[in-house]
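As they're listed, the protein sequences go chains A and B.
Under our numbering, the letters of the first sequence match residues 1 to 500, in that order.
Under our numbering, the letters of the second sequence match residues 1 to 500, in that order.
Keep in mind that the hints are not guaranteed to be accurate.
The list cannot tell twin chains apart, which means a pair is met if one copy fits it or any two copies do.
DSS-like cross-link-like pairs, simulated, lysine-lysine; straight-line CA separation at most 27 Å [what the hints assert, rightly or not]:
# : residue 1 : residue 2
1 : K124      : K68
2 : K222      : K197
3 : K68       : K38
4 : K123      : K144
Read the hints as simulated data drawn from the structure, not as lab findings.
For clarity, every value in this text was computed on a predicted model and none was experimentally measured.
Each chain is listed here by its residues.
Protein chains: 2
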Amino acid sequence: MTPSSPFLPIKCGRVEEINTQEENLTKPMPNLHIMDPKLLQSMVYDALVWSSLHGLVVGDRNIQRSGKVPGVGMVHAPFALLPMSFPESHWRQACELAPIFNELVDRVSLDGEFLQDSLSRTKKVDAFTSRLLDIHSMMLQNNKNEEIRLGLHRSDYMLDEQTKLLLQIELNTVSSSFPGLSCLVSELHRSLLNQFKEQLGLDSGRIPGNASLSQFAEALAKAWKEYNNPRAVVMIVVQTEERNMYDQHWLSTVLKERYDVSTIRKTLAEIDEQGVLLPDGTLLVGDHAIGVIYFRAGYTPNDYPSESEWRARYLMEQSSAIKCPSISYHLAGTKKIQQELAKPNVLERFLDNKDDIAKLRKCFAGLWSLDDSSIVKDAIERPEFYVMKPQREGGGNNIYGDDMRKALLRLQEEGTEENAAYILMQRIFPTIAPSLLMRDGICHKNHAISELGIYSAYLRNKENVIMNEHCGYLMRTKVSSSNEGGVAAGFAVLDSVYLT
Amino acid sequence: MTPSSPFLPIKCGRVEEINTQEENLTKPMPNLHIMDPKLLQSMVYDALVWSSLHGLVVGDRNIQRSGKVPGVGMVHAPFALLPMSFPESHWRQACELAPIFNELVDRVSLDGEFLQDSLSRTKKVDAFTSRLLDIHSMMLQNNKNEEIRLGLHRSDYMLDEQTKLLLQIELNTVSSSFPGLSCLVSELHRSLLNQFKEQLGLDSGRIPGNASLSQFAEALAKAWKEYNNPRAVVMIVVQTEERNMYDQHWLSTVLKERYDVSTIRKTLAEIDEQGVLLPDGTLLVGDHAIGVIYFRAGYTPNDYPSESEWRARYLMEQSSAIKCPSISYHLAGTKKIQQELAKPNVLERFLDNKDDIAKLRKCFAGLWSLDDSSIVKDAIERPEFYVMKPQREGGGNNIYGDDMRKALLRLQEEGTEENAAYILMQRIFPTIAPSLLMRDGICHKNHAISELGIYSAYLRNKENVIMNEHCGYLMRTKVSSSNEGGVAAGFAVLDSVYLT
Chain A
1 MTPSSPFLPI KCGRVEEINT QEENLTKPMP NLHIMDPKLL QSMVYDALVW
51 SSLHGLVVGD RNIQRSGKVP GVGMVHAPFA LLPMSFPESH WRQACELAPI
101 FNELVDRVSL DGEFLQDSLS RTKKVDAFTS RLLDIHSMML QNNKNEEIRL
151 GLHRSDYMLD EQTKLLLQIE LNTVSSSFPG LSCLVSELHR SLLNQFKEQL
201 GLDSGRIPGN ASLSQFAEAL AKAWKEYNNP RAVVMIVVQT EERNMYDQHW
251 LSTVLKERYD VSTIRKTLAE IDEQGVLLPD GTLLVGDHAI GVIYFRAGYT
301 PNDYPSESEW RARYLMEQSS AIKCPSISYH LAGTKKIQQE LAKPNVLERF
351 LDNKDDIAKL RKCFAGLWSL DDSSIVKDAI ERPEFYVMKP QREGGGNNIY
401 GDDMRKALLR LQEEGTEENA AYILMQRIFP TIAPSLLMRD GICHKNHAIS
451 ELGIYSAYLR NKENVIMNEH CGYLMRTKVS SSNEGGVAAG FAVLDSVYLT
Chain B
1 MTPSSPFLPI KCGRVEEINT QEENLTKPMP NLHIMDPKLL QSMVYDALVW
51 SSLHGLVVGD RNIQRSGKVP GVGMVHAPFA LLPMSFPESH WRQACELAPI
101 FNELVDRVSL DGEFLQDSLS RTKKVDAFTS RLLDIHSMML QNNKNEEIRL
151 GLHRSDYMLD EQTKLLLQIE LNTVSSSFPG LSCLVSELHR SLLNQFKEQL
201 GLDSGRIPGN ASLSQFAEAL AKAWKEYNNP RAVVMIVVQT EERNMYDQHW
251 LSTVLKERYD VSTIRKTLAE IDEQGVLLPD GTLLVGDHAI GVIYFRAGYT
301 PNDYPSESEW RARYLMEQSS AIKCPSISYH LAGTKKIQQE LAKPNVLERF
351 LDNKDDIAKL RKCFAGLWSL DDSSIVKDAI ERPEFYVMKP QREGGGNNIY
401 GDDMRKALLR LQEEGTEENA AYILMQRIFP TIAPSLLMRD GICHKNHAIS
451 ELGIYSAYLR NKENVIMNEH CGYLMRTKVS SSNEGGVAAG FAVLDSVYLT
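One chain only, chain A, in its complex shape (with noise of 0.2 Å):
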């Protein structure tokens, strides 16, 4: 195996140092929509074709087959023309954040007692967490321990303009998506400001190095040689149906090339189906003992259609497999729990370094549980300052504005239980930014907000720490609907970072 795979862009397989000598010859980010329309048309193409050569594709919804064989009916991921500006010192505090955040997910992972009794009310209204929890206890009432504990985190941000704070929307715990089709994009905005470099007059170098996908492989590939099973594979928990199938199979091939781990898709139908659980704790699926569970479905309540995909999860909690994520580490990613550790006092439960616990704090929006009285008044006054967030898993579902006035009324009228199904969460007020957006191979002249991800790999095992380090970053750039004042409302698409 060569340290450098000949499938990655060359690019792709390092975190660089930004160049910031080169700061005074920089123009900053050009009005995008005003470009010249001959400019515009050489690069829309350009970035068409790039796409289309280096995989930065995914399956064409229109096309039915597309989300079940590989190599039909594909399109080009959406993607932004060009990079969104981002301030470089915010880049950096996002960055910092990354290993303290995995850190502090490890630690609640291990309290159980925490997760459980913060998450108690939620049980009682949310089926889906409730089924979590089950599992979980069963777990600590058998004393399963996770001695080799992995996580593949991606912490949201958005840069709030009016008080220029970086705010984090919310730690994904479980099946970040794009860590493969990440850094191609970070690799599609380089090649195009090369390219145009006359015209643009943009510099290349300030798109930080994207190793997501890497780095995430790298992560797998350690935590696979930790289970310490050379016959053994990493398998890929997968939705029946998967357009976004290529960013996986990214992960799957520098796996393969790099590292010579071999890795399976399962479905969890198919894992109840065809798993089996020996004595010493090694899970087996069809021929195969199971090193690591990968997971990229069952995060929300459509990937239990009944009982025989919860069956799945709970073998797969029992074996001795490395999970990524492990219940806890699901569970510690919950919106509940990300409220709770908002609470004064909650995080020094857990964290000793009080620096770490300041810079975690100043990226905390406002959170609060609905039981808050004087804050549900408050956001039943004044709706355009929240946000009201289901504790369900999968975007869309946050209820903003009118609506949420109507649905606070209604549970205060109501004096239910249902208000332990969601919190509140101060409404983040980011740039708006005139954004070239692509999909179906048209360009969008739109006006959008972006959201900065940063991929995060964790990984101990029982004496040592192995990985705790940032991957790489996904901006997700998103058509701002002006009625609901900078909330992403239409379609979102793949961006990279350009440093200011």
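Fit chain B to the given chain A structure using the hints.
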């Protein structure tokens, strides 16, 4: 520019020596139709993934925009799942022939009289060849010399099973397709042979390195350099719809990444509309001076629906741009010229080296004009041993069997000049082998025949030959329909070579 681009699978960049020491360890190609179904399924899946991530793609004919807009409606290129066995001695023979054919084409192209005379009767019955000859005549009249001459050819061969002779099917001097994708197929096959080494027992080192892409790009870049205008571009002449655009985009990408040479893509109609010839012979198209014209269109009458396209062809031919091919090179690759060159003592007119002449002659199949009444008589009596080929370019126009017999009888009766629109060629019977052909994500078990194409590049200026070499190869494997006794019917896929 780095010599080894990050955008190429690493092996695509060089022609490798075959390691013959491991010969004893190598198993022959197994019967692909009796492969373990589970193994087959894994290989199919991995091959489809590999294609998608590495740009081995084409536009899907079922999707309207896929021939116009890059990045939409993509599907894996059709390919054989495993390489086709081919004897190493014949492989080497084909490679050795490449520079000799290059030289021959160049010499023939300089003999305007030979081209005009040989094609004089064809001119009367084939309107397309006639128009090409008209342009050629005008160039002769104007003493237009092409001092810098670039040829990017592909010579196609079949291996006759009974005689074990490598016989040339045709020599493509214009628009040879798949230099970009063919080396990806070789890389895919190497990857599969490595991945499934234990199960298949095949040695990936027996798949020869395939540098068609990088060497075609090198030849174009060197020609561009000879033109000696740093602001000039390479113009690819394209069809209005092109589902094989990614094959061409690979060349543009390597040209830009490795040599910093820009390409533009224009249809013949666009060239007519936007093209201007400056007094010094410079061809301007839009804002661009054209250094090299690379034809990926213009080889079939369909590409000239109106006078506009012919004006474009004439305009280009008058210019100082390096044409790949010039009108002379184009004519030198016609079937009629192939047949003329096969006549006794004709090769001697162009080449001095007796060994070279013998090597060429050895690969000539029987080729006859329809003036040869004894051959026509034999073909009517034993049609299974002949194929009738129209002068017209593009596959699928050949006439076999009873159809041929009837056509020959009709031509005899009518006694017209139409004779001259065809040649007769010895029917070649290649080995029929069980094959696994991938199309639209589905693996087809077929009996198939293969045709080996050897890419070659030739470049010279007034003083020196700058490049004259074989560059790589393309195996094309086609479904063999039994009712035609070994003749290609149905679909063809891209394939590579496994040396035995």
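Hint check:
With identical chains, the CA atoms of K124 and K68 are never at most 27 Å apart, being 36 Å at best within one copy and 55 Å at best between copies. Proximity of K222 and K197 under a CA criterion of 27 Å is satisfied inter-copy only: 24 Å between copies versus 39 Å inside one chain copy. Taking the shortest alpha-carbon separations for K68 and K38, only the inter-copy value of 17 Å comes in at or below 27 Å, while the best intra-copy value is 38 Å. For a Cα distance limit of 27 Å, the shortest separation of K123 from K144 inside one copy, 22 Å, qualifies, whereas the shortest one across copies, 86 Å, does not.
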